[in-house]
Every structure is written in C-alpha cells, then in structure tokens.
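Asker: The primary structure of each chain is shown beneath.
2 protein chains.
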Amino acid sequence: MSDEPKTVFEGTHVLVLERDTWQYVERKKGKTAVIILAVTDDDRVLFVEQYRRPLDARVIEFPAGLVGDEEGHDDPEETAKLELEEETGYACRTVERLTSGPTSAGITSETVTFFRASGLEERGKGGGIGNEDITVHRVPRGDVVDWLERKNSEGIMIDAKVWAGLWFLDRERRNT
Amino acid sequence: MSDEPKTVFEGTHVLVLERDTWQYVERKKGKTAVIILAVTDDDRVLFVEQYRRPLDARVIEFPAGLVGDEEGHDDPEETAKLELEEETGYACRTVERLTSGPTSAGITSETVTFFRASGLEERGKGGGIGNEDITVHRVPRGDVVDWLERKNSEGIMIDAKVWAGLWFLDRERRNT
Numbered sequence: 001m002s003d004e005p006k007t008v009f010e011g012t013h014v015l016v017l018e019r020d021t022w023q024y025v026e027r028k029k030g031k032t033a034v035i036i037l038a039v040t041d042d043d044r045v046l047f048v049e050q051y052r053r054p055l056d057a058r059v060i061e062f063p064a065g066l067v068g069d070e071e072g073h074d075d076p077e078e079t080a081k082l083e084l085e086e087e088t089g090y091a092c093r094t095v096e097r098l099t100s101g102p103t104s105a106g107i108t109s110e111t112v113t114f115f116r117a118s119g120l121e122e123r124g125k126g127g128g129i130g131n132e133d134i135t136v137h138r139v140p141r142g143d144v145v146d147w148l149e150r151k152n153s154e155g156i157m158i159d160a161k162v163w164a165g166l167w168f169l170d171r172e173r174r175n176t
Numbered sequence: 177m178s179d180e181p182k183t184v185f186e187g188t189h190v191l192v193l194e195r196d197t198w199q200y201v202e203r204k205k206g207k208t209a210v211i212i213l214a215v216t217d218d219d220r221v222l223f224v225e226q227y228r229r230p231l232d233a234r235v236i237e238f239p240a241g242l243v244g245d246e247e248g249h250d251d252p253e254e255t256a257k258l259e260l261e262e263e264t265g266y267a268c269r270t271v272e273r274l275t276s277g278p279t280s281a282g283i284t285s286e287t288v289t290f291f292r293a294s295g296l297e298e299r300g301k302g303g304g305i306g307n308e309d310i311t312v313h314r315v316p317r318g319d320v321v322d323w324l325e326r327k328n329s330e331g332i333m334i335d336a337k338v339w340a341g342l343w344f345l346d347r348e349r350r351n352t
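Line by line, the protein sequences give chains P and L. Last residue of the first sequence: 176 (the numbering used here), numbering continuous. Last residue of the second sequence: 352 (the numbering used here), numbering continuous.
There may be inaccurate statements among the hints.
Claimed, not checked - Below are the DSSO-like pairs computed for lysine-lysine, each with C-alpha atoms no more than 27 Å apart in a straight line:
no., chain 1, residue 1, chain 2, residue 2
1, L, K327, P, K31
2, L, K182, L, K205
3, L, K207, P, K6
4, P, K31, L, K257
5, L, K257, P, K28
6, L, K207, P, K151
7, L, K327, L, K301
8, P, K6, P, K81
9, L, K327, P, K151
10, P, K29, P, K6
11, L, K301, P, K28
12, L, K301, P, K29
13, P, K6, L, K182
14, L, K257, L, K301
15, L, K205, P, K6
16, P, K81, P, K29
17, L, K257, L, K182
18, L, K257, P, K29
19, L, K301, P, K31
20, L, K182, L, K207
21, L, K182, P, K31
22, L, K182, L, K204
23, P, K28, P, K81
These aren't lab readings, by the way, just hints derived from the structure by calculation.
Please build the complete structure, drawing on both the sequences and the hints.
Answerer: Written as structure tokens, this is what we have:
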C-alpha cells in the first residue's frame, strides 16, 4: 500500500522512521509488547507500578514487557510468562492469547498482545530485573475500580490499556 | 524526581527527548489526545477506520484527535466535540470526561482523555479534514465484539484502546 519507511533518526533504543512524509517511532528491538492479565487464587488482580521517565510520573499498568528485546524473550507466550514472573514474582502454568493491536497508531508502530495467565504460583517478590524498580499490587477484584480511581486522584497515572484489560477480565465473568 | 529532558532529535512533527538516558517521542504540538465514545439514538456505536502509516495497515479506532495541534483545538472538551463531528459527521450536545492516562508509557509522553458524547445529531458525512481518509462505521451495540473480531480476522487492526472504551460503555449499562 505504501513506500518502505526510511530512517530519519537512530537513537540508542529508538528509531524515527518516515513513511510518505509521516514520522513515527519504533524500537530497534522489541517492536511488539505483551500485557499479562493475572488473577491469583484468592481473586486478586496483579498490577505493577513504576516511575516512567517519558511521563515523569509513576504509572500503574498490567505486567508487561517487550518481545525480542533480550535473550530468551523471542516468543510472545514465553515472554509473557517470563515478564509476569520477573515483574510480579508469580509464575504461571499457561497463557492464553486474547487480542493484539496498536497502542498509538499515529505515533508508533508498536503493537501489544494481551494474554490471560492461569495457574499462578508465587515464587518470589517480583520487582523487575536490572534497574527496574517495580511495585507489585495485588488488588481484590471487586475493589479494582475504586483502587484505580483513588490512586489516580493521588497523582499516579493509570495506563489507558488497564481499562482494556479490565474489559477482558469482566468478559470472562459474564461468560461463566 | 528527575532532570529536565533534552531534545536529541527534532523532526517535522515529533521530537525525540531523553531523560536520564531514556529516549522517547513527543509531538511538537498535540501532546495529549482525546478519544470520543459516542452512541447514536438507535444504539449504534461510532467507530472510525483509516490507513495508519506507522502500521502500514488499516486500523479501527474510536473517533479521536489531538489537543492543541490546530487552531480552535486548544481545550480537550472542545476538541472532542470538533473531532467527533469532523471524523463521523455527528455533532454532540455535551461531552463528559471519563479518565486520562498514558497510551504507551515506555516510549511516548502521550496521554489520552476518554470522553463520552451525548445528544448526537447527524450533520454531515464525516471522513475527516484535509488529507484524512476516514471510513465511519455505525455498529449496533450488541454486535460490536463480533464485528471487531471479524474485521480483525480480515487483517484490519483494532486499536488496543477500543477495548478500554468498551469497558466504559459497558460500565454505564451496568449502572443503569
């Protein structure tokens, strides 16, 4: 449908590409992300909170990570399992793919795939690897919306994709 | 919490900024976006479909636009009303703010605010302004999920924020 994009800027981790005069950003590694929806046996939803430098704010998100940005993270399913355990300390037996789509189609080629994790087992404290500094939250399912609104009113940002994940979690309850 | 970001690349519409060695993208104008959830009197949900150059694919999204990128689009509420009419041909009487949050907190400072539009009145054909080429879809509320899944299976991408919007539309039905 279109010309191949050309690179107009190469940074440390990001590229600015241009297609038909439209400029957008793409990571050099990790063009797609995974988001993991995980609920513990005692019906608590797992969220992560971390300082995000692009926003200069703390942000609440579902556990997530990039596919292909580090060794062993080549496959979306495998990456989802690894990221869930790295970030939250919970291993999972299986992940089920729910949907994929772009996060911000005007400014980045990034897409994200939502997975639902099942068979959770607590193995560690989470918190991320390397210089990640992640706070894990385990929020009773019925309290999630009030909790998010309270956190937001305290100045913590809520990733727009959190509400997308909640739609999928609500759907499975309607279907059961 | 952090040093001021420095500009490492200035493109036509985007900047690459760097804070504490972390590079991310920001638009020169239009740092925040609005998304408009609109349902017609005969209970059809309004979606837009357009070719998105960063993805090299057609993408289905809720009507949306940038705050501050053109004259008259300075205020989020006003921008939401204008973008809804420009993209879909429907004017609305009021918009109610639902929530705000980042779209992809690792790679861009962009945030989006969701609005619910009420009092819809069809005034034109929509389709966007300038060189926008937008197809408007009016999907019966009960068919939305099947329709999205069918479109997706045909190779059209579904913006991840669509599911977030559906969560807010579902919530108002639970509350009534």
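Asker: Does L:K257 pair with L:K301 here, judged by a C-alpha cut-off of 27 Å?
Answerer: 15 Å, holds
Asker: Mind checking the alpha carbons of L:K301 and P:K31 for me, to see if they're no more than 27 Å apart?
Answerer: 36 Å, violated
Asker: Would the hint linking L:K182 and P:K31 be met if the CA-CA limit is 27 Å?
Answerer: 24 Å, holds
Asker: Does L:K301 pair with P:K29 here, judged by a C-alpha cut-off of 27 Å?
Answerer: Violated: L:K301 and P:K29 sit about 41 Å apart, past 27 Å.
Asker: Can you confirm whether the C-alpha distance between P:K81 and P:K29 stays at or below 27 Å?
Answerer: 19 Å, holds
Asker: What's the verdict on L:K257 and P:K29, does the C-alpha distance respect the 27 Å limit or exceed it?
Answerer: At roughly 38 Å apart (the allowed maximum being 27 Å), P:K29 and L:K257 break the hint.
Asker: Next pair to validate is L:K327 with L:K301; report whether the Cα-Cα distance is within 27 Å.
Answerer: 22 Å, holds
Asker: P:K31 and L:K257 were given as a pair; does the straight-line alpha-carbon distance stay at or below 27 Å?
Answerer: 33 Å, violated
Asker: Holds or violated: are the alpha carbons of P:K6 and L:K182 at most 27 Å from each other?
Answerer: 24 Å, holds
Asker: Hint check: L:K257 vs P:K28, CA-CA at most 27 Å. Holds or violated?
Answerer: Violated, because 37 Å separates the two Cα atoms, which is more than 27 Å.
Asker: Taking only the CA atoms, is the gap from L:K257 to L:K182 under or equal to 27 Å?
Answerer: Distance ~34 Å between L:K257 and L:K182 Cα, so the pair is violated.
Asker: Hint check: L:K301 vs P:K28, CA-CA at most 27 Å. Holds or violated?
Answerer: Violated, at about 40 Å.
Violated hints, listed in ascending order, are 4, 5, 8, 9, 11, 12, 17, 18, 19; each of the other numbered hints is respected by the structure.
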